[in-house]
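Trainee: Read off the chains here:
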Amino acid sequence: MNFDLTEERQMLQDSLRRFLRDNQDGLRASTRLGDAENALGFDAGIWGKLAELGVIGALFSEEDGGFAGAGFDLTTVFEELGRAGAVEPLLDTAILGGGLIAALGNETQKELVEQVIGGELHLALAHGEPNSRYDLAQVETTAQVEGDDIVLTGRKAVVINAEAADYLIVSARESGAAGDEDGISLFLVPRDSAGLSLRGYALLAGGRAAEVDIDGLRLSADARLGAAGSAYGALKWASNRAEVALAAETLGAMEAATELTREYLLTRQQFGRPIGTFQALQHRMATLLIELEQARSAVINAAGYLDSSAAEQALQISAARNLIGRAGRLVAEESIQLHGGIAMTEEYELAHIAKRIVMADHRFGDTDTQLERFIDQSAA
Amino acid sequence: MNFDLTEERQMLQDSLRRFLRDNQDGLRASTRLGDAENALGFDAGIWGKLAELGVIGALFSEEDGGFAGAGFDLTTVFEELGRAGAVEPLLDTAILGGGLIAALGNETQKELVEQVIGGELHLALAHGEPNSRYDLAQVETTAQVEGDDIVLTGRKAVVINAEAADYLIVSARESGAAGDEDGISLFLVPRDSAGLSLRGYALLAGGRAAEVDIDGLRLSADARLGAAGSAYGALKWASNRAEVALAAETLGAMEAATELTREYLLTRQQFGRPIGTFQALQHRMATLLIELEQARSAVINAAGYLDSSAAEQALQISAARNLIGRAGRLVAEESIQLHGGIAMTEEYELAHIAKRIVMADHRFGDTDTQLERFIDQSAA
Amino acid sequence: MDLNYSVEEQAFRAEVQEFLAQKLPKEMSDAIRVGRELGKEGHEKWHGILNDQGWLAPNWPKEFGGCEWNAVQRHIFEEECCRANAPRIVPFGLAMLAPVLQKFGSKEQQDHYLPRILSGEDWWCQGYSEPGAGSDLASLKTRAVREGDHYVVNGQKTWTTLGQYANWIFCLVRTDPDAKQQSGISFLLIDMDTPGIEVRPIILLDGTHEVNEVWFTDVKVPVENLVGEENKGWTYAKYLLTHERTNIAGVGFSSAGLEAVKRMARSQMHRGRPLSENPHFAARVARAEIDLMAMSTTNLRIISRAASGQAPGVESSMLKVKGTEIRQEINDLARRAAGAYAMPFVSEALEGGNEPDMGPEGSAAAAPQYFNNRKLSIFGGSNEVQKNIIAKVKLGGGA
Amino acid sequence: MDLNYSVEEQAFRAEVQEFLAQKLPKEMSDAIRVGRELGKEGHEKWHGILNDQGWLAPNWPKEFGGCEWNAVQRHIFEEECCRANAPRIVPFGLAMLAPVLQKFGSKEQQDHYLPRILSGEDWWCQGYSEPGAGSDLASLKTRAVREGDHYVVNGQKTWTTLGQYANWIFCLVRTDPDAKQQSGISFLLIDMDTPGIEVRPIILLDGTHEVNEVWFTDVKVPVENLVGEENKGWTYAKYLLTHERTNIAGVGFSSAGLEAVKRMARSQMHRGRPLSENPHFAARVARAEIDLMAMSTTNLRIISRAASGQAPGVESSMLKVKGTEIRQEINDLARRAAGAYAMPFVSEALEGGNEPDMGPEGSAAAAPQYFNNRKLSIFGGSNEVQKNIIAKVKLGGGA
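Protein chains in written order, with my numbering: chain G, 50 to 429; chain B, 50 to 429; chain Y, 12 to 410; chain P, 12 to 410.
Bound-form chain G, shown alone (with noise of 0.2 angstroms):
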């Protein structure tokens, strides 16, 4: 048993924690609500001193051509994007987009992956559909042979990073009734592909996502990652590596937030004295410091089963994602309050970082979702 980092973990934080904190500003210019110039929904710049870095190579194993790739690599890199506010898309690009073309593309499909690597390439998965909520095998998006063509016909909802993307990861059914985990392939996709139209808008908590309409959207049968109607297994893979990132991710964030409040309560004068004297602050403080380390716990238990069974991974990543939706609820929540009116100011940090941490809850499964998923994998 040991719960320090590896000597590589500890470099890949103290190198990414520092080059974040010295570009603070170019991180938080690209997330201004509604600012026009900020087309990407990131700062291009940035992406690539983070490829640089070496940190998206942490993110793959090197049989993909990356240098590691574990569960405490994802969470190492994501603990500190998520401390930062950063909402550069490594999870979308490199985690679920790089990630899916490792698991299923050939050889030829697989060179993107260098070039994700690199930081030359942007992905994205269009895989959630508007009635499909949290639920992965939800696929009515279809896919259908029509002699050397494939064509794909639906509807794709709030793809982040789609306008960004040089290509697209479609998923579309082949076969099988919509929540049927057979029948589902995924296509590779280039965004100017005629037959797919992107209505592009920013999140709540920065980037940008769009709505994606596939309208006989033709492809060659080269464009389909691995086997038809076989998928969903790397889908599961991909997404599970994804809940544990974000899960790291919404850690961090929580972790500047309760640090934020810390300071504050120091600093901030009321009624003649610090109001971090102020028992009752005191205590929620207090408790907010108790389940930030619950909350880290958890992102520990998903990261160091992410390679264990199905079943044991289902059941700890639902665990840490529940407990982070509540955890990070709270601490979003009772760090705004104990900030009084500063930190409903668009231009103050934890504004946005609050934001972070209680958006998250809506990908991959929400709070509730996750206990009901825990709930049948205890029982099962």
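Hints should not be assumed to be uniformly reliable.
[What the hints assert, rightly or not] Every beta carbon over 10 angstroms from chain Y, so not counted as near; a handful from chain B, in silico:
1. 93
2. 95
3. 97
4. 157
5. 194
6. 200
7. 202
8. 226
9. 230
10. 267
11. 281
12. 342
13. 394
14. 396
15. 424
[As the list claims (entries may be wrong)] The calculated lysine to aspartate or glutamate pairs, modelled on DMTMM-like cross-linking and capped at a C-alpha distance of 25 angstroms, are:
16. Y:405 x B:398
17. B:98 x B:398
18. P:51 x P:224
19. Y:403 x B:312
20. Y:403 x Y:336
21. Y:37 x Y:119
22. Y:403 x B:308
23. G:285 x G:156
24. Y:405 x B:262
25. Y:403 x G:383
26. G:159 x G:231
27. P:405 x G:312
28. Y:405 x B:304
[Claimed, not checked] So these bits of chain B aren't anywhere near chain G, every CB distance computed over 10 angstroms:
29. 275
30. 309
31. 317
32. 329
33. 360
These are calculated hints, taken from the structure and not from any lab test. Since we're looking at a predicted model, the values are computed, not measured. Here a beta-carbon is modelled for each residue, glycine too, at the ideal position from N, C-alpha and C.
Using the hints provided, position chains B, Y and P relative to the given structure of chain G.
Mentor: Just chains B, Y and P now, with coordinates in the frame of chain G:
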């Protein structure tokens, strides 16, 4: 709209409050755990005086020989009982027992109600069973007609006031399957009947109950209350009234707990000042007072809608008891915590009050069961 | 004890319902229902409709053109307006300044300002809060120095709601710098067009421009714009703060919000069933509804007492805390119900376009409202301050 | 990062499991599983079994006859004991007094008392708390006045756990009444058979006799029963309080408790299905289990740090708070699961009779334990005191 008590109820409240305050020692003497001398579970002298004061009569309508009996009469009486921590079984003898006889009995049987109101007769409802949990229709005890006799067989669980009761009102199934509302009858059974055996015990929050074994108990047909197999409606009616009364009793106990806690915070010194000057404790006390007002309103709603449609009744009662289940637990636990060790001792008033609050959740449906009922009723 | 409304009250409710059915524009209630901003014109339009009806000023005495409704009538009116998704009336002139003028203002001030509030000619905003003062209102620093016929005002106000639309501001200013904390404060009416006033927007965390900073640099205010006596402003301010609290519980907002959550949950499929039938989601909704049912009765108890002339006490603070907790919980439910569609920030959808939301109805506003309404427990006397008040009354201790 | 136990640790766990399977009497684990009291004889029997195995003193140095296990080994031992429903070892002699004697006691004291603790000849209880002192331990009033070869002790201790079984008590007494609060306190060992000592039971709200008052009237204590130096007792007391906190989180108790809740819920029918399948109940259980999984890892993180020699800091306080919250929540779940059968108070069922519970297994003890374990957040440094400590370390502020 008017939220003031009528003059009659105000007088009832005043005289009952005064009586209970003056008899605090007698009330409490009967609640000491494991006290072998306390065979009844309550003080017979106090019972007689409650009858004299008209407290029992206030729980019955004029038609049934009482002089009040509306929702707000029940809550006026039971709020005071709760405030005083009284364990006298008015719920069992009067609301349930007397109420069922009044609702279903023939003229002869109804004469017992007069004795109940006079304080001369005790009753117990032997309805719940080891497998029934909180389901009113889950009756497995059977009643078989054999010639002129009816033969009852089964087991009744946690029958409150059984040992003190002159008659047990026993539910048994004459037709249908366990869980059916139809087919349930009620029988008026003298406690010393052959075929009825009681295993009595104290209750953690005061009073006594018994496991009742019914083994070939022979009754004549005139022991049946009402028509064969059709007692469910009356059971529901009486248990609704009992739930409103119990909610009010718990409200009264919550008032007593917060008042004891308030006084304790004002008098108890630590680190050189009253602990009520510590802001963390002040804010927790404020939260208790807020929840107490919520509980008070919930009881008003439940009582005010007690004569409304079945649907409205069900909604308001489940709402009130869910709210009081949550708020009561908070008040009980926080009151103990804010007191510290002293509240852990049996002889301290709050210990008894806290037990009354929490253990009320185990009658007629606990907090979660009430929530389920509310959800069902809302969706209906 | 009687939970029923009187026959007269029921008739009044019917009258209100009839009015709303006739006069509330559908595009307006549609916008409110899904959480869109109305904008200045929308507010002014609804203001005008109510004024035409004579129902703009429920709590004003009749002599000033008000309805002089009692607390129960006002409650019924507010409840029906919320239920019908009518816009909220901007309270600064009507509900906050007007009672102060009616009680402490000169005849000239009453005659001049009150009709202009009703007509909509003046849009008032509030100059109370200052940067760094928070709940400690008495520490304010904006100075007004008497020079002949004028005060010269210098300083800064903040959290000025809808100040960007206002042409007048009522301000607390310090006129005696040597007096202790709460003395030496005066209550001034200031024309926003006076040279030296600058309004700077504060963008809130949900991207809205709702509040502002207002900067005063050598702003000349005629002495006749002083309300009441110099250095007595704190008295008027306290009167204002405690006067209009009948809707402090926000029961109507919560009821409408809960209905919206239920609608959204019925439209969303989760594991093959409507989300509304999911036991975990249903449990959250049920708890909020149960809490709201109880609070609604607490609210009525206080209103009924107020209608019979009794002053509300510490119960206002209790209602404020519970009311905001419930509203915030309902906002959280809406956010959850919206699923992934809670994430987009589509400013057009929020600012009154007629385009339908991308996700379920109400989803575009769900997360912004969740974040925006964190203010409910911060502004208007934070919930911590309310708990201090409760503790002070009930425990007699200090903070 | 590695969540796995080493090969050696796994082997150790297997050894512990084997021992428990062989040596833990079934009637004992049955009683513990359903929440029954063991009584004095039961405690002594299990004490003897562990002593025979040489596993009675996990944290003692080997020179004194202990196991000298590291924090991970101790954790594994405790976890397996809880899982097997082994009785809890009474900690006052073994885990509380012994470390003090080992560090501050004289050679004579060590040689005399430590073997008697292991053999079970002495049953120790703790004389720390006094009436009215609560968390403010330094304000204690029990006096010891030196008269020749003796101290004469007068005063009163309270909350003395299992004092009715003890033949020795270690006490904090005030030896210098003029010194400031925490100075002037000494640490005395007192034979309970000395004239002038009276033990009075305190019955707790669940009807149990678990704690006592101990009254001292002119009790003569030989001076050689002083531990360390006169007036330095506070140092030893603090050492004692901070020394043995590896099991502060109570992970093992919570795990066993949660298993019991699940068993009970599977056996109870609710609306035609086992209660364990009811979504509302399952949600509560799942949340408790998720919290426990995380806390268990927090606990291991601290243990792992302790095993490599780092001192636990404010994390102990965090674990205490979260650990008690989880245990109390599990007690609440057990109470709920028991349904109506939570109401009876059947003292025979609680005091070790072999009669089965009337309701589901564990139901007789469910509500008594729920009430009894309210103490967890009060005694041993209340959760409020723990939060003060956390705030002091993290915010540097006072209370």
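Trainee: Next step is simple, just say for each hint if it's right about the structure.
Mentor: Structure-based check of each hint:
No beta-carbon of chain Y comes within 10 angstroms of the beta-carbon of residue 93 of chain B; the shortest separation is about 33 angstroms. With a closest Cβ-Cβ approach of about 27 angstroms to chain Y, residue 95 of chain B is found to remain outside the 10 angstroms limit, as its non-interface label requires. The Cβ of residue 97 of chain B sits about 29 angstroms from the closest Cβ of chain Y, beyond the 10 angstroms cut-off, so the non-interface label holds. The beta carbon of residue 157 of chain B is kept farther than 10 angstroms from every beta carbon of chain Y, the shortest such distance being approximately 36 angstroms.
At roughly 42 angstroms from the closest C-beta of chain Y, the C-beta of residue 194 of chain B stays outside 10 angstroms, upholding its exclusion from the interface. The Cβ of residue 200 of chain B lies farther than 10 angstroms from every Cβ of chain Y, with a closest approach of about 42 angstroms, so its non-interface assignment holds. The beta carbon of residue 202 of chain B is kept farther than 10 angstroms from every beta carbon of chain Y, the shortest such distance being approximately 37 angstroms. The claim that residue 226 of chain B lies off the interface holds: its Cβ sits roughly 26 angstroms from the closest Cβ of chain Y, which is beyond the 10 angstroms cut-off.
No Cβ of chain Y comes within 10 angstroms of the Cβ of residue 230 of chain B; the nearest lies about 24 angstroms off, and the non-interface call holds. The beta carbon of residue 267 of chain B is kept farther than 10 angstroms from every beta carbon of chain Y, the shortest such distance being approximately 46 angstroms. Every beta carbon of chain Y lies more than 10 angstroms from that of residue 281 of chain B, the smallest distance being close to 25 angstroms; the non-interface claim holds. Some Cβ of chain Y comes within 10 angstroms of the Cβ of residue 342 of chain B; the nearest lies about 5 angstroms off, and the non-interface call is violated.
Residue 394 of chain B, annotated as away from the interface, keeps every beta carbon of chain Y farther than 10 angstroms; the closest lies near 24 angstroms. The beta carbon of residue 396 of chain B is kept farther than 10 angstroms from every beta carbon of chain Y, the shortest such distance being approximately 26 angstroms. For residue 424 of chain B, the condition that its CB be more than 10 angstroms from all CB atoms of chain Y is violated, with the nearest at approximately 5 angstroms. About 21 angstroms separates the Cα atoms of residue 405 of chain Y and residue 398 of chain B, which keeps this hinted pair within 25 angstroms; it holds.
Taking the CA atoms of residue 98 of chain B and residue 398 of chain B, the gap is about 23 angstroms. The hint holds against a cut of 25 angstroms. Pair hint residue 51 of chain P plus residue 224 of chain P holds up; C-alpha atoms about 18 angstroms apart against a cutoff of 25 angstroms. Between the alpha carbons of residue 403 of chain Y and residue 312 of chain B the distance comes to roughly 14 angstroms, so the proposed pair stays at or under 25 angstroms and holds. For the given pair, residue 403 of chain Y sits about 21 angstroms from residue 336 of chain Y by alpha-carbon distance, which is consistent with the 25 angstroms threshold.
Taken as a hint, the residue 37 of chain Y and residue 119 of chain Y pair is broken in the structure, with Cα atoms around 40 angstroms apart against an allowance of 25 angstroms. Only pairs whose Cα atoms come within 25 angstroms are accepted, and residue 403 of chain Y paired with residue 308 of chain B is accepted, the gap being roughly 15 angstroms. A threshold of 25 angstroms between alpha carbons decides the hint, and for residue 285 of chain G with residue 156 of chain G the separation of about 22 angstroms falls inside it, so the pair holds. Under the criterion of a C-alpha separation no larger than 25 angstroms, the hint pairing residue 405 of chain Y with residue 262 of chain B is inconsistent with the structure, at around 51 angstroms.
At most 25 angstroms may separate the alpha-carbon atoms for a hinted pair to count; residue 403 of chain Y and residue 383 of chain G meet this at roughly 23 angstroms. Restraint check for residue 159 of chain G and residue 231 of chain G: the C-alpha separation of about 24 angstroms stays at or below 25 angstroms, so the hint holds. A distance of roughly 10 angstroms separates the Cα atoms of residue 405 of chain P and residue 312 of chain G; the hinted pair therefore holds under the 25 angstroms criterion. Proximity of residue 405 of chain Y to residue 304 of chain B is assessed by CA-CA distance (about 13 angstroms); at most 25 angstroms being required, the pair is judged to hold.
Residue-level check passed: residue 275 of chain B sits 43 angstroms from the nearest beta carbon of chain G, beyond 10 angstroms. For residue 309 of chain B, the non-interface assignment is confirmed: its Cβ lies about 22 angstroms from the closest Cβ of chain G, beyond the 10 angstroms cut-off. For residue 317 of chain B, the requirement that its beta carbon stay farther than 10 angstroms from each beta carbon of chain G is met, with the minimum near 16 angstroms. Non-interface status of residue 329 of chain B relative to chain G is broken: a Cβ of that chain comes within 10 angstroms, the nearest being about 4 angstroms off.
In this structure residue 360 of chain B is separated from chain G by more than 10 angstroms, as the shortest Cβ-Cβ distance comes to about 28 angstroms.
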